[in-house]
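Chains as they are written, first to last, in this note's numbering: chain A, 1 to 297; chain B, 298 to 688; chain C, 689 to 964.
Please note that the accuracy of each hint is not assured.
Computed cross-link-like contacts, BS3-like style, restricted to lysine-lysine with a CA-CA straight-line distance of at most 27 Å [what the hints assert, rightly or not]: (1) B:K490 / B:K543; (2) B:K315 / C:K892; (3) C:K931 / A:K57; (4) B:K410 / C:K892; (5) A:K57 / C:K844; (6) C:K874 / C:K788.
Think of the hints as simulated: they come from the structure by calculation, not from any bench.
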Amino acid sequence: MSERMTRPQIPLEEGVITPGSTCQGCGAAMAARLTFKVMGPNVIRHGIPCCPDQSSKSPSTGSVFEGGGPCLTGTARALKALGRTDIKAIAFFGDGGTYDIGFGGLMSAAQRNENVFVVTKDNEAYMNTGGQHSGGSPKYAETTTDAVGPNSRGSPVHKINAAFAFAAMNIPYIATASVAFPEDLMAKVKYAKDIEGFRILLIQSPCPVGWRYDPAKTIEVARSGVQSGIWPLYEIENGSSFKLNYKPKELKPITEYLKPQARFRHMTETEVNEIQVYTTAKWEKYLKADELKQIVF
Amino acid sequence: MVDYEVMVGNKACAVACKLARVKVAAAFPITPQTSITEYLSELYASGEMPGFEFVNAEGELSAQIIVQAAARVGARSFTCTAGPGLQFMHHPMNDTASGRTPLVMAVVHRGLKSMQPDHSDLMDQSWLGWVHLYVENAQEILDTTIMGYKIGEDARVRLPVAVGYDGYVLSYTAEPVEIPPQDMIDNWLPPYKPPRSLFYDSPEAPIGRGGGDRGGGDPNMAWKIHHGAVEAAESVIKEVTADWAKLTGRSYGNGMIQEYKTEGAEVILTAMGTVAGSASAAVDKLWKDGKKVGLVKIRSFVPFPRKDFQELAGKYSAIGVFDRSIQPGMGGPSYREIKNSLFDTGSYPVVAGFVGGLSGKEVTVNDFVKLGEKTLEFAKAKKADAHPIWV
Amino acid sequence: MIEIRLHGRGGQGAVTASRIIAAAAFEDGRYSQAIPMYGTERRGAPLTAYVRIDNVRVRERELVHTPDYSICFDEFISMNQIIANSLKPGGVVLANTKFKAEELPLAGDIKIATVDATGIALKHLGRPITNTAILGAFAKICPEISMKGVEKAIYKYFPGRIGDMNIAAARASYEQVSELVPAINKEAPKEVVEIVSGGYGALKDVSGWRVFEPVVDEEKCIGCKNCWIYCPEAALEWTANNKPAMISRSCKGCGVCANECPVKAIEMKRVEVKKK
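Bound-form chain A, shown alone (with noise of 0.2 Å):
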């Protein structure tokens, strides 16, 4: 499991260059800069089509939407024959690309087992083609293709648990992060980024554009997330053992979260209460499987 990092050890150089051409208070730019500040100088950063984030200052390459897992395996089997296991094999993939159009082939890839090292800025929606469903979109949002009216109350299901999916592949290393914890997130990043193995990281990225708030308030929508465990910050090791990073004595109502944003606006009282008690007994799980350290299926 990562190890505790404080402000003061955040290091001052950028690994990004900016600006960068996302729009104001983009959560996925965010999620970037902070990545990159950690992940050091080498590697080969492998992209498919997704919304702009924030350029890095290392090597980069890409594949097509749907190719994101061959992509890597290519890339990690060619280092390993030329013998620069050195340099490693990542990449920043946006939601849609890492569990929706790319899903098949990123699973394939993760129970090869493949040496690569997998970040994903999750903003629940094709953002860069202007919000439409992926496999992240959240029950109830509303995206330009789950709209709402008579016969529909937006996304009609719970987005993908992408991390205990992939942790049924056993991989080594699996964690979640948020742009509200920056510390946590580069703690995460620089212990996965040296693992043998599949290892995935998936961030929440807040996009004001999908997600329909004041772009000022993209960290508060993030905090308030991971506060009501909507966003749960946590690590699964060997496809078992679990570790909780941030447990509150008590969480905040989500409504806190999903108030500000007007993707849920439309949501009644009963739609409310029926994703608290989603998101409570689910966190009460992840509260079990942190006191036994290990996920029992």
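Got chain A; can you put chains B and C on it based on the hints?
Relative to the frame of chain A, chains B and C by itself:
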């Protein structure tokens, strides 16, 4: 009651799906197609399309397979994509044609080499046995999408139909569109019935072990599609287009091609899709200057209007063909087909092949004026420059 | 046929405005066409859109190259000659700016009208979305479309209460727009402010993107580094005396720093667009 609205091309497409009472739609977002799926999502949410199923597919490969299966089972189906998304669909698209599964797909052109439009994405699919229609404006999108179901579902054809139109300059461009009333379309377009039922309570249901539908191992499948379905599509396109003109008053030539000021012209230009609009404005300018240049808009690329061009061949001394795509090493596709068509006629007008507008490069009215003048020069010289001529 | 070019930034609603103008013209019994020119531009990135209005169906599908009217939705871009370039002789520029028409550094055989659409938008909508806040002004100076048509079209795009707010903004700009004044400058200033366009990757300078910018009160600042670490653009430099300093070319004015400051030492102030 006929209604009018200023809407973008992509909305015209979604409205056509509603009017055609599409039952299943599946799509994956890709610029510049995305807003079709967004409008469909709105129509789904509002309940305006009763019994409509809408799927946010996790990729184009799945989108094509979802609508293909839905259409086989008997639901009128629709999907839409663009450029690379169309390429990702390529594999199952073959089954859609070989399985003789009618459905309509909007292809919002996005060039294969950039985000901006040219026709290379749909041209890339011309071996599969789909019907390929290219349209010019938002009204034609609405009309052709509805006509596409009538053409594809015709017992003589039974093929999927691709309706291609340029991204951005048409997909995102707003212009007035006439919306025909629902009952008018209901009377004109009967509910879809699949050629054979898959339901156990139907005597014709096929029994077997399933599997991909490439024609059941029939080695003559491609030949049959070519000689039967696609060839038949030509007369069906003509019938349906004439019928539509009677119904709505909107005419698109004979369906295969649409002529503009060709009567009395010395030479003609040809164009496909949105650029035909600018070309027709250019033709007006040319006639005003006493230059007799007509325009033939090619609406159907597969099947190719071979017979139409054979009839046109003897009437003009030169044809200036404009292609908005290029097959590297082979040139402009419609140029090649037109020249092919003329070979057997015995009349040999000068055929000039222009290629331009690639990756969204703008083709202006003035460009077409120049092409018209150049074609007149070629007619005089009885010889064109080597193909292709870069615009 | 009359042709209109619109200059704006992602998020200001220029594309919607182009559609509203087209719909308004159609309401007035004309044919119209609205073409947006954008690819992957984000909020804040400059973009253009075009409108044609004619008595017959518009067939041309090229961008507008010599417009009769040019409308600028952005205060910063309003200071740039690009909004006046390639207009037809006697063409009209409508600019969103606090400056008077005769003060704008624009040149050519053109007439200029100005309106403080950002101010109107902030007042009526609470946000610097200037599209409808400039359409009223356009209806006033352009005889080709009517205010009635504009109002009907706005309701089509923004039904209900949001529509009322937008129409209030449009009416305010109808009242407040200046007279049309011929450009005083005959030649464009040589020094042109570069308008950085969007797209993927790193950009040179985004200072023109912001409507508000952070002003740090160093007395109040406790040096916690919240603003520094949460800035998506690394636009706050951490100085030797343990305080943040804005890197002007990188700040997009999102306001995250001010929002995250535990002692409210950062205030977001509206940017004063200056003449060169």
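Violations among the numbered hints, reported as their numbers in ascending order = When the structure is compared with the hints, numbers 2 and 5 turn out to be violated.
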